[in-house]
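Undergrad: One rule links them: number in the numbering used here = place in the sequence shown (from 1) + 15.
There may be inaccurate statements among the hints.
[Claimed, not checked] List time: in silico EDC-like cross-link candidates among lysine to aspartate or glutamate, alpha-carbon distance up to 20 Å:
| no. | residue 1 | residue 2 |
| --- | --- | --- |
| 1 | K159 | D198 |
| 2 | K62 | E89 |
| 3 | K126 | D101 |
| 4 | K31 | D156 |
| 5 | K94 | D67 |
| 6 | K64 | E186 |
| 7 | K126 | E185 |
Simulated from the structure, these hints should not be mistaken for lab results.
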Amino acid sequence: MRIYVLRHGQTAMNAKNQIMGRTDIELSAEGRKQAQEAAEKISAFPKEKLPDSIICSPLIRAKQTAQYVADELEESCGKIIQIRYDEHLIEQDYGELEGTDRLSELFAISKTQFAMKTGRTGESHMQLAQRVYNFLDMVCDLYKGQNVLLVTHGGICRVIATYFQQMTNEEYASWRAQNCQIDTYEIKD
């Protein structure tokens with residue numbers, strides 16, 4: 016089994032280094048280009064490595080990115096995949112940090128405070144990990160033997176990485192997926 020994790024393409028807020036969290040905005044022109052390029056990379060995988068399923072965050076930037084992949088798989092490979100949307104893949108709730116500078120010291124510190132609600136009113140990293148780990152346990156059980164593409168957000172990509180590999184607190188806080196980065200995790204059946 017393979018789990019592919021694709022972060023959505025760039026948005027206007029990404030370009031401005033703003034924390035986006037639950038803000039539901041579309042891809043920018045650059046983001047649409049990135050999504051198409053990622054879709055082409057995925058559709059060029061060997062046949063046995065192509066995704067069998069796509070599960071996506073319900074936020075528009077992830078939906079648009081996933082649709083590029085589904086369209087490209089159908090056009091290039093003749094593989095029709097219906098996208099499933101799952102709330103477990105929605106971005107972290109950053110509370111009062113939503114819309115602020117992603118490069119701020121306050122945001123950097125928040126990524127090391129696992130039990131505290133992010134931005135005082137948001138979701139703690141422990142809550143986030145519980146949500147994502149439970150989802151990954153379910154995916155590994157229900158999709159055994161398949162290749163699954165998850166289309167999601169940077170904060171979720173970070174937590175998914177910790178599910179499959181050890182990270183120190185410092186590594187976790189500094190880990191970042193680029194827009195339309197594709198990560199692959201193989202699971203022995």
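Undergrad: Could you tell me which of the hints above the structure violates, numbers in ascending order?
TA: Violated hints (numbers, rising): 3, 4 and 6; every other hint is consistent with the structure.
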